[in-house]
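Residue numbers (numbering that gives the first Met the number 0), protein chains in the order written: chain X, 0 to 740; chain C, 0 to 740.
No wet-lab data here; the hints were simulated from the structure. Predicted, not measured: the structure shown is a model, and the values here were computed from it. Hints are supplied without guarantee of correctness; some may be wrong.
Same chains, same names: a pair is fine if it fits in one copy or spans any two.
Straight-line alpha carbon distances no greater than 20 Å define the calculated PhoX-like cross-link-like pairs of lysine-lysine that follow [claimed, not checked]:
| id | residue 1 | residue 2 |
| --- | --- | --- |
| 1 | K228 | K402 |
| 2 | K402 | K207 |
| 3 | K537 | K280 |
| 4 | K280 | K214 |
Protein chains: 2
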Amino acid sequence: MVTLPDTPDSVGTQLDSRNSDTASQLTQLDSRNSDTASQFSDTAGQSERAIKAAGGSSYAIKVTDLGVKAPYDEDNEVLSRQMHRDPRHGVPPQSQHVSLCHQYLPRTATNTTARLATLRGIMRTHSVHAYIVPSTDAHMSEYISERDARLGWLTGFTGSAGTAVVTQDKAALWTDSRYWTQAERELDCNWELQRTISIESIGMWILKAVPAEGKVSLDPFLFSIDTWKSYSRALHGSGRTLHPLETNLVDQAWGDQRPPPSSSEIYSLPAEFTGRSWQEKVAGIRQRMEQHVRRPTAVLLSGLEETAWLFNLRGDDIPYNPVFYSYTLLTNTTISLFVEESRLSAAARESLRSGCPGPLCVELQEYGQVSAHLRRYAQGSVTVWLGTEYTTYGLYAIIPQEKLLEESYSPVMMAKAVKNTHEQEMLRAAHVRDAVAVIQYLLWLEKAVPQGHVDEFSGAQQIDAFRWAQEHSRGPSFQSISASGLNAALAHYSPSNGSSRMLSAREMYLFDTGGQYLDGTTDITRTVHWGEPTPLQKEAYTRVLMGNIDLSRLIFPSNTAGRTVESFARRALWNVGLNYGHGTGHGIGNFLSVHEWPVGFQSNNVPLEAGMFTSIEPGYYQDGEFGIRIEDVALVVEAQTEHQSGEKPFLTFEVVSLVPYDRNLINLSLLSPEQIRYLNSYYERIRAHVGPELRRQRLEEAYAWLQESTEPFPVSSAGPAAAGTLALASLLSVLLSGLGA
Amino acid sequence: MVTLPDTPDSVGTQLDSRNSDTASQLTQLDSRNSDTASQFSDTAGQSERAIKAAGGSSYAIKVTDLGVKAPYDEDNEVLSRQMHRDPRHGVPPQSQHVSLCHQYLPRTATNTTARLATLRGIMRTHSVHAYIVPSTDAHMSEYISERDARLGWLTGFTGSAGTAVVTQDKAALWTDSRYWTQAERELDCNWELQRTISIESIGMWILKAVPAEGKVSLDPFLFSIDTWKSYSRALHGSGRTLHPLETNLVDQAWGDQRPPPSSSEIYSLPAEFTGRSWQEKVAGIRQRMEQHVRRPTAVLLSGLEETAWLFNLRGDDIPYNPVFYSYTLLTNTTISLFVEESRLSAAARESLRSGCPGPLCVELQEYGQVSAHLRRYAQGSVTVWLGTEYTTYGLYAIIPQEKLLEESYSPVMMAKAVKNTHEQEMLRAAHVRDAVAVIQYLLWLEKAVPQGHVDEFSGAQQIDAFRWAQEHSRGPSFQSISASGLNAALAHYSPSNGSSRMLSAREMYLFDTGGQYLDGTTDITRTVHWGEPTPLQKEAYTRVLMGNIDLSRLIFPSNTAGRTVESFARRALWNVGLNYGHGTGHGIGNFLSVHEWPVGFQSNNVPLEAGMFTSIEPGYYQDGEFGIRIEDVALVVEAQTEHQSGEKPFLTFEVVSLVPYDRNLINLSLLSPEQIRYLNSYYERIRAHVGPELRRQRLEEAYAWLQESTEPFPVSSAGPAAAGTLALASLLSVLLSGLGA
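Using the sequences and the accompanying hints, generate a full structural model.
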């Protein structure tokens, strides 16, 4: 699955202004609620973590018409100015004015007047002048549950990235260009839409909207450390204070209507599907603590994958991600797991308590007790190690500065990133079965599309079905992206059961899908054309493929940062002035997140090491015409090199996604002999690994399709092997001069 | 000239432990003081800025023998422990013990007992328990003047990077692996050598050496903002306070013996050698201030190149860098230049005062007045914009946090980085004349080396002489690096007049040199072999060249960060397990610094834009055998591409260094047809630009040498042009299959 544009220190180039909205090419199908407002959502956002599922929320409304946002009401502005005349005004009563806006309510929007009135009442009881509402949850999760969709409930806006600020007489939503049209349709006239996402601009808005000495509040458990600091900086010295309020005011306003917490079972993974026992993992983390120069006494885990991985537990609190709400405080002598105990399966509970009493005894505590427990713990002579990329300011602020050991990622994140041999084998095996499903789908499409009965939505259902039929399947690992023709290049596009585009032999088709299996998580994108592609389509596809190949076959030193090599996936496009606006890859888990920190090619990813898995996924998007992405998952492995600078072996990638590319879209003449040779050896591996599995599953037609699709390509102008290059080059030179070339 | 290993977020690979000291391959010749202790200095350091010239200092001692550092004295340790028993002890009198160490003084070391005693006395009068002494100056300059060589004077250690901490009974020096041997030789037994440079480790040492409630001091005008914060963090919560002392205690101890400030003339550049008038530059910076969202009222310039560039002034306070000690506070209505007024030439003074009174009137103030002036200015309703990468904590701390606009680089640094058309033309012209000097040197070497009369030192003198003979020459732009055979791969090597290695037709020779010209600064490295290179030498040289070519001919989107593309310079080496441990390039000035911020391929460099100049300099170093580096300076220019993603044209490089590579070291069979074609077109440009200049200077023999050295290479196995590739590839395929290949 594609990731997002890197932060400014990345390759730093976006598509042009016409294409900028296509930088993220992600459209999502929500098979359960395809006709809801969530159809506007896509998976791109400011950060990889900002991606989340917006589908299926209870407040979603049907979108059957396009509404036009009422212009900003000037009277409202006057009221606001009046209030500002007197800074001692305090918190004024709610304006009568706003409720009049009903008459402008477009049918695509949600009436938020009552919700805002309730929130403003609560704000007054807390003497809060402005309240900031983000789109994240308390774990900085990439996907969030309905219960955490506070921004959506309050504003009506269902995009995945945004920030709202509410004062007594104003309410504004900030979001990025991908969501402007969607926000215009979904917001009612209580809301101003701010077409930017810089915290500086939010801060300036607040400075205007809030009187001097006013109180600006937020829930510190919903903001990252960095975001909190940015708000704090924006208000610094202005006389307004930034006041963390542990009570979430939106939750109070939401009240009974807020979806309840998940109550489904949290279970232990069978031993065969774990890399090692949780006790061994805990011992490993404690060893890292001992070896650290700062000698931390505890590690705080607030990322949901951290706790799930550490204890080999899984749940289903968040769509597509088999995790559950929890925190862990792992000290050198104790283990506290903050989770709803009643939800643990008997086996899970037994496993966690098997070491009691003792340093391997897991003490179960209420999920909501983490702050109080951490506060007590931090009173001692302790040092708490945490990952600043995903810990909230709320937890961070509990620990005195000198007792903090701040690193971007916790040692659990770092340990999880490097898969051991068994975990690697499991991921490879899951990818072989996943390849069977994808190959079945490609074959099915080849036959069904020309009959004109497949649309984007039914296609996505079909591949989901093929995956479900595979052993150990636990469903899709994210909302399947299924986009035909120009839809693959449109940012705000989303198909639904009723309106999705027909697949056609006259258009390209892009599908970006993945599966959860007990032994691994998969993620693959293929782009196909069953008819006659245009020369530009063929050139762009071939150059995207060349980029995929060039990065996949790169040999690089151990500990190379991904962002320093991701340009190899772009160079073939760059050569002719083309590019893509999203990231080039992300880590992936063993039956965990499809986007797994901290591996990948972005600036906040850690250096590549043997045993890490990452996707490699260059693309190209032609606005209004087509979209291309070729995505594989690859394992970082040791390379065989003639020499070796440095103590560690050089590295390269072993691609574990095993599905052939579309021969119909490859312009072979653009590929170098080395690229063709690489492609042929990859196809040999596909045949060797997937062929037998297809036969085992008695999928003979698919097997025949695979054989045909993996026929070796002719290596046109190159010698047979590196060793003979010189001799052959001389020979060719002679031949060529004889030919007068 | 080579730059340094990138910070951890870089490519992140160092050569192995055997080679790690060769990561910086720089050995320097000091033609004036070749037999002094400065012979140990090299130009690599922790950051690019840490590089500086250590040569020629008055405290240097002759190195005629290798001394062995006396082991750390255990009695001293006991005394230290005794003091620590009583935290109320205060600052104890100096130990009698230390002076005994004289008897162990190696002949390579400096006796620092008296200096330390003086410093400790001064520390006592300030109640300072520990005093930290860095290697930088108040402008974070890359090269420093003798007057700023405080670390060298105090410790005897003349390496370019290090930190000393002195307490009443202990003194320690921290430096990195490049300098361990040198430090052992140069330090007397008053000093412990700490073989690390982490501030955390310095902090832990201080915590042990300083009693609780002790006072740790430093001169805040010699520490970067980041370094200050790191020390502050290291001591936080420990009971020891970090106390900035504006009086520099080393300067007090140094007293009369400290070299006086420079008194040489500061002059205006003739108009023909400037890109635009200083008034236009000031207007441009003020425009950037107005356009900035924070609306800064002033820009503070503390980098010496900033003031020199802004006012088109030059001086010679620092070796190789035509700058002068100064600060500038440019506000929206006033201009304050802090400089010794009497040093300004009459013309310079007239130019600066020509706009008085008015917003383009430069008010001249004493250099030492900058802090007081800034303090007064910061009391108003102001916002001061500064570059955090090179402003000292001392200046930074004067400005209240809410009045600061912090960016990595000031708008002057950013403006200076993009050369206008005239500046580009000047740099091109300087490089043509510089190429003449380098070609003369190569020709001279070719004739003189076989006669056995050239050594590294006389070679460096010869190329300096060739440069001096060129129009507008102002001497070398850094200490010429001239290294024969294994010396090119040795970190701590340095030639001297008496002991430098002979150049030989049996060895490789690397020279990394540059010139200052009124119209531009140059920097070029060539590696040559006049005899029979080994296969490994040839392969490594060819792969370094391939890296240089691959990066030079890369086409990339506007605003691409250098660090995301520098791996293209490494891939050919990586392919066979080779690498180099230094950076790939740096910006360069117009008659300014040879390492000019903020351009380059490191993580703290800004994205590449048309009009920027950078060096491109991959290398390879085989410990104990040879060293290779191929360095050119290149201008970022717009590329012609078939398509264009994004609003801005794609970019590529135009190499402006115009000296052919050594044909004797190129294994042509490793190069791709595209690389050979690129090389041939580069050679055509050399002929077109340098050929006429050689003739104009009546250097006919050099002209003939150039023609011979730039003969086009045969493009062995490739088609004549991209357009015909497919047809020819098919043809070749047929031919090959006929041949059974």
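Evaluated hints:
no. : hint        : result
1   : K228 - K402 : both (19 Å within a copy, 17 Å between copies)
2   : K402 - K207 : between (37 Å within a copy, 19 Å between copies)
3   : K537 - K280 : neither (48 Å within a copy, 49 Å between copies)
4   : K280 - K214 : neither (45 Å within a copy, 43 Å between copies)
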